[in-house]
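Colleague: Start from the sequences, fold in the hints, and give me the full structure.
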Amino acid sequence: MAPIPATLYRGREGMWSWVAHRITGVAVFFFLFVHVLDTALVRVSPEDYNAVIESYKTPIVNFLEVGLTGAVLYHALNGIRLILVDFWSKGPKYHRVMLWVISVIWIVIMIPGFYFMTKHTFEQMFGGN
Amino acid sequence: MSDNQTPAPALLNPRSARSGKNNYELYSWLFMRISGIILVFLVLGHLFIMNILDGGVQRINFGFVAGRWASPFWQVWDLLQLWLAMLHGGNGLRTIINDYAENDRTRSFLKYLLLVTVVFIVLLGTLVIFTFDPNIS
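Line order of the protein sequences matches chains A and B.
Each residue of the first sequence is one higher than the last, beginning at 1412 in this note's numbering.
Each residue of the second sequence is one higher than the last, beginning at 17 in this note's numbering.
Honestly, the hints are just simulated from the structure, not real lab data.
For each residue, glycine too, the CB sits at the ideal point set by N, CA and C.
Every clue listed holds true.
Computed footprint of chain B on chain A; a stretch qualifies when at least three of its residues, placed anywhere within it, have a C-beta under 8 Å from a C-beta of chain B:
hint: 1; region: 1425-1438
hint: 2; region: 1441-1454
hint: 3; region: 1458-1465
Modeller: Next up, the structure:
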């Protein structure tokens, strides 16, 4: 008789998508915390708000923002997948297929997303116009 | 499953009636799904408008915020987004604390800290949206 695998879950797609869901969720939560604080500067003065927003326009923060967008997008797509697993009768059967589907959707959105989000930064860095 | 592990009673008979007093965790689970669907539209819309549309982040400054919050539509959008995202994220972090903080006192402390943080950020953000003054100087 073939050995029974220790677990059907550990180390497979189900586990890694769950790990990524947690990590992206925590990352987005901490960004949100900071983002509410920086936006609250509009109640202090236009100058203070503008000064902090200028940092969002720098190349480093711009690339971090792409990372944040990627994290939010994964969390959103995988969240939809989770809802389908919970509520769609065939969800559990197709959970692995759905992970590959959302991965493709993620790439298809992130490629133009990266281009349009960083367009200005690249022009600035390499003197486009 | 390895031999030295005894599953929790609820795992042996997962469809049995709950013994607890309330359905808090059920509502929490449902809230994550309902708020999640709404947040997909609010947050991805927000990211698209702020980072890609019409010059992206480079065009954002105090005047831009003043123009947006002159409209009740964007005020409601941002208010709903703030509340749902903080409660969704706070509830998610609560789950993570429950999972990993095994010491009772550590777990209580972390959840208390989380509660204070969520209440503070939600109130601060709400106050900023409702008391925003475009003529501040």
